[in-house]
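Heads up: the sequence lines are chains A and B, in that order.
Under my numbering, the residue at position 227 of the first sequence is numbered 207, and the numbers go up by one with no gaps.
Under my numbering, the residue at position 75 of the second sequence is numbered 55, and the numbers go up by one with no gaps.
A few of these clues could be false.
Identical chains blur together in the list; that is why a pair holds if it fits in one copy or across any two.
[What the hints assert, rightly or not] Result set (DMTMM-like, lysine to aspartate or glutamate): computed pairs, CA atoms no more than 25 Å apart in a straight line: (1) Lys290 x Asp262; (2) Lys241 x Asp185; (3) Lys66 x Glu233; (4) Lys298 x Glu12.
I should point out that these hints are in silico values taken from the structure, not numbers from a laboratory.
Number of protein chains: 2
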Amino acid sequence: MKKRNRYSAQVYIDGVLAADRVILSQAITLVESALPSDQMLAEEVMSAILPRTGDSIRIGITGVPGVGKSTFIERFGQLVIEEGLKLAVLAIDPSSQSGKGSILGDKTRMEVLSMDKRAYIRPSPSGSTLGGVSARTREAMLLCEAAGFDVIFIETVGVGQSEIAVKGMVDFFLLLMLAGAGDELQGIKKGIIEMCDALIINKADGENKDAAKRAKREYANALHLFPSKENSWLPQVMTCSGLEGDGLESIWEMIQSYKNKMIANGYFEANRADQRVNWMHDHIGYLLESSFYQNEVIDKNIKTAMAEIKSGNVSAIKKARELVQVFMNQIQPN
Amino acid sequence: MKKRNRYSAQVYIDGVLAADRVILSQAITLVESALPSDQMLAEEVMSAILPRTGDSIRIGITGVPGVGKSTFIERFGQLVIEEGLKLAVLAIDPSSQSGKGSILGDKTRMEVLSMDKRAYIRPSPSGSTLGGVSARTREAMLLCEAAGFDVIFIETVGVGQSEIAVKGMVDFFLLLMLAGAGDELQGIKKGIIEMCDALIINKADGENKDAAKRAKREYANALHLFPSKENSWLPQVMTCSGLEGDGLESIWEMIQSYKNKMIANGYFEANRADQRVNWMHDHIGYLLESSFYQNEVIDKNIKTAMAEIKSGNVSAIKKARELVQVFMNQIQPN
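All chains, please: the whole structure from these sequences, using the hints.
Written out as structure tokens, the structure is:
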């Protein structure tokens, strides 16, 4: 892999704060880098821009493939920028890990939005995670905030770990569904429903309209059975058509109303404070592993350990403990 | 939380090797425990039983909720035990994290299998992960092998991180799908298709039969477009009816054929060797974080750090680095 030239931290900081999109993109690439030198630089940039973050509303958007996320984001995003707001979308790159495109062929996604100067779309690296949330999505979000974006969409696909990760970094979590497809088949598990702040029945257009209305009633009834959330917000169920644009304004109004209520009752900031703490824990784990694998003695021993484990002569967990002990013994107080 | 009484390591080891199911269940509970003392005991047990593991075929079974996993496992499992084999199923507990049951009500799952003495069903703890794969599923699998089970099913739900985790511990990975539901809607992404060794169109019964056959052809054609795998296995597409039992024997034969071919070309053991190495890496991460959070000085400092981060006065990543540095300085060579 080619080592990229890097700017000084100040170039990234100034560029991001000046809303220079080229630098913003390069700064996101920097924080996504696994190189130790890049990581130190990234931390310096992040710490410097942090006081300029926090002034956006962070919205997570999830739903299984086929539910119409791209079309929804395309139209909903246009509504947001028509309100005079700057929008950043941390989107999923639909190409798979090996980069040969989806089994159904690549989709043209967010065509209008991607041409609009008021919007910034950053596809997440297709690499390490399937759900589209990378380990550095949080940092990318904060960089966008520092660059002055008022609204951040974080798109995620599928149902599972990536939603838990996104829930841990957004203010509002929106689940797109389809009427009539059956909630089981859409991977709607109670855990996900409990996480979301709004459940949107998409594709409520044409012949689907009545089914969408029925689904809305059913879900609204079902949601009443759930214990109320600590922030006393009852998740809303709404219908919309990402294709025709119906219902999008109501969704935007609901998000505004949520934000105002949560700021008033203190939950908005309390939730963000908890999210920052979780960020610290995530980063601790990351730093511990980095230090371990970059340790010279570990580096010298790990290949032998792997060979022994491959041969089946030694237990993987026993070897892990031995290596961690070697690492601990290596560290000298500085 | 009540602290449980523990046996000595030898009691667990002898009990598991003697196929005592009560002890086996308790040993799995032991490895799932987060208590440091339990973890030391668990490692001792795992290292002792490890030479007695490896003699099973490990089969991952995935598919979105509603695809019929429980029914499939119920019937496929019966076929396996009718072959004279002992079957362990590491299953998903359908109740959600907060333990109030699914939105559609709890299902009665694997009724026949759970009554059969030749099968052992262990629901995964509903706690920490949504996909049903816990951090200790691998250990549970090995304990079952040491207890003499010939076939292990690892059930997982949804599409994402949990499948990657399961792929990392099984020999054969089987994806259940439905005909006509649209592959997009079922969360079938190229990444998952690339992972699976067989794609099974379930519910190929009654009026669905023709659609299932068509879907089989389509997927088989699509799979030909994928680059061939390093083990030179072309993922098979088959239809079956978990409800009526049709097609299950062919699936079992295919898995046998896979196993024989992979043993012959060396992939079977090479894959398991790689999986053991990944296990070591996972455990290293776990041990590093455990050591960190159990460190006395960290324990004393972490609350202040969390308070500072909550107040927003300090960057989470900066504080993480500081704490990791404090930890490093604490460690004395022993």
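Using 25 Å as the alpha-carbon threshold, which applies to Lys66 and Glu233: within, between, both, or neither? within (17 Å within a copy, 58 Å between copies)
What label fits Lys298 with Glu12 when the C-alpha limit is 25 Å: within, between, both, or neither? between (32 Å within a copy, 17 Å between copies)
Should Lys290 paired with Asp262 be assigned to within, between, both, or neither, using CA atoms and 25 Å as the limit? Between copies, since 15 Å is at most 25 Å while 30 Å is not.
Should Lys241 paired with Asp185 be assigned to within, between, both, or neither, using CA atoms and 25 Å as the limit? Answer is neither: 31 Å inside a copy and 51 Å across each miss the 25 Å cutoff.
When the structure is compared with the earlier hints, a violation turns up for hint 2 alone.
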